[in-house]
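Student: As you go down the protein sequences, you meet chains A and B in turn.
Positions in the first sequence are counted from 1; adding 2 to them yields my numbering.
Positions in the second sequence are counted from 1; adding 46 to them yields my numbering.
Keep in mind that the hints are not guaranteed to be accurate.
[As the list claims (entries may be wrong)] So these bits of chain A aren't anywhere near chain B, every CB distance computed over 10 Å:
(1) Ala20
(2) Glu56
(3) Asp71
(4) Glu76
(5) Lys85
(6) Leu95
(7) Arg96
(8) Arg98
(9) Ala173
[As the list claims (entries may be wrong)] Pair by pair, the computed Cβ-Cβ distance ranges are:
(10) Arg35/A to Leu73/B: 26 to 32 Å
(11) Ala78/B to Arg97/A: 49 to 55 Å
(12) Arg35/A to Glu58/B: 23 to 29 Å
(13) Arg97/A to Pro106/B: 25 to 31 Å
Read the hints as simulated data drawn from the structure, not as lab findings.
Built from N, CA and C at the ideal position, the CB exists for glycine as well.
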Amino acid sequence: MADRRPALAALSDQEVVALARRGEEAGYRELIRRYQRPIFSLIFRMVRDRELAEDLAQETFIKVLNAVDSYRPEFKFSSWIFKIANNAAIDHLRRRELDTLSLDGSPHADTPDAVEATALQIGDNQESPLEAVESIELGKHIEAAIARLRPEYRSCILLRHVEGRAYEEIAEILDLPLGTVKTYIHRARNELRQMLAHLKE
Amino acid sequence: MTSDLIRHLSAEEFDAWLDRTLVGPRLVHLDACESCRNQAHAHRAIAELLRRLPALEPRPGFADRVMAQVTIPGALVAIQPVKRRRRWSRPLAASVGVALAGAGASVAWSLAHPELLTHAAARITGLIGDWSWTAVRAVVSTLIEQPWYPEARSLLGTPGRAVLAAAGASFAYLSGLLAFRRLVTAPTRQTARAAF
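Excised from the complex, chain A in its bound form (with noise of 0.2 Å):
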């Protein structure tokens, strides 16, 4: 398995899509390998709790990938997982009404140690104490103030500025026209821009 990743990783998604249809457990683990970090991303910053987005992600590989024989690869993977991964996200923000959310982890936290869970850890890697720190705090403004943003826009500024998405890759993941996507994402650039006017330094 250890020499077979090298090589694996060298793949496209199409070629490691067309291995876990030959029935290649290494394929399936690829792909999860490769969108894990993105999908969970996403998810999380969208309904702001971490066990729940860690259900919506897996909810989501366990769809796409039993669903494997049916992509078409004239499509992007990329577009098709996170299609799928916004559905999920914006399906459950409706059922509970989360538009807008605590600040420090799950609304739904109730003592202490739920909230601790629940809540984003940012600013790892920094270079130095100060330096983290500031970094935690501007990461905690800017997750606030995307968690304020409305849900589509919310998708839009996450796919375009966070996971380097195309507008039209966008358009294609969120049902949209690619004029609203660009809309959307200025918009959204604005009102960040406005909510976090207080930090400039």
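Could you slot chain B onto chain A? The hints should help.
Tutor: Just chain B now, with coordinates in the frame of chain A:
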């Protein structure tokens, strides 16, 4: 051309500037217009802050938890009946082997010593005959010594009585045999099942 120099940047043009695809007179406007420049830099700062947000990881073992619920096509192997080794087959084979070897050795030895074998056979036959006769005598002596023996013998004292006793015993035996057979034979008609 002049309007391109004067008009403020649109949302799409701010995006184009962030993507470094804004060109021509619109770039000239941006250089000249402080309002658009401030907005553009603010957008860039936000985009940069977002870009620097760390990727988050699920708890360790995520892949295993997912894979536990994924069905890999073709990975289901047809269930083969387990070929069970019978526990007694090996000792049985060993016993048969030993018996055959013993028999073979015995035949070989007998062929090599026919007169000794004849002598031993005669001796063994004699012994078996003696032991059998002794046993019969012991049983008969014991029977004769029983207190009910004289009465039982008087019942069979004449041939007629003996025939009657034999007929009664045969009848009792056959009746018992028929009753037992009927008891163990499967029913020929369907019987109603009990409903629970």
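Student: Work down the list of hints and note, for each, if the structure agrees.
Tutor: Here is how each hint holds up against the structure:
1. For Ala20/A, the non-interface assignment is confirmed: its Cβ lies about 13 Å from the closest Cβ of chain B, beyond the 10 Å cut-off.
2. For Glu56/A, the requirement that its beta carbon stay farther than 10 Å from each beta carbon of chain B is not met, with the minimum near 5 Å.
3. Consistency note on Asp71/A: stated as away from chain B, yet its beta-carbon is not over 10 Å from all of that chain's, at 6 Å minimum.
4. With a cut of 10 Å on Cβ distances, Glu76/A stays outside the contact zone with chain B, its closest approach being about 21 Å.
5. The Cβ of Lys85/A lies farther than 10 Å from every Cβ of chain B, with a closest approach of about 18 Å, so its non-interface assignment holds.
6. Remark: the non-interface label on Leu95/A is consistent with the geometry, its nearest Cβ contact in chain B lying 18 Å away (cut-off 10 Å).
7. Separation of Arg96/A from chain B is adequate, the least Cβ-Cβ distance of about 23 Å exceeding the 10 Å criterion.
8. For Arg98/A, the non-interface assignment is confirmed: its Cβ lies about 20 Å from the closest Cβ of chain B, beyond the 10 Å cut-off.
9. At roughly 13 Å from the closest C-beta of chain B, the C-beta of Ala173/A stays outside 10 Å, upholding its exclusion from the interface.
10. The hint said 26 to 32 Å for the Cβ distance between Arg35/A and Leu73/B, and at roughly 42 Å that hint is violated.
11. For Ala78/B and Arg97/A, the Cβ-Cβ distance of about 50 Å falls inside the hinted range of 49 to 55 Å, so the restraint holds.
12. At about 36 Å, the beta-carbon gap between Arg35/A and Glu58/B misses the expected band of 23 to 29 Å.
13. Taken as a hint, the range 25 to 31 Å holds for the pair Arg97/A and Pro106/B, whose Cβ atoms sit roughly 29 Å apart.
Consistency with the previously given hints fails for numbers 2, 3, 10, 12, ordered from lowest to highest.
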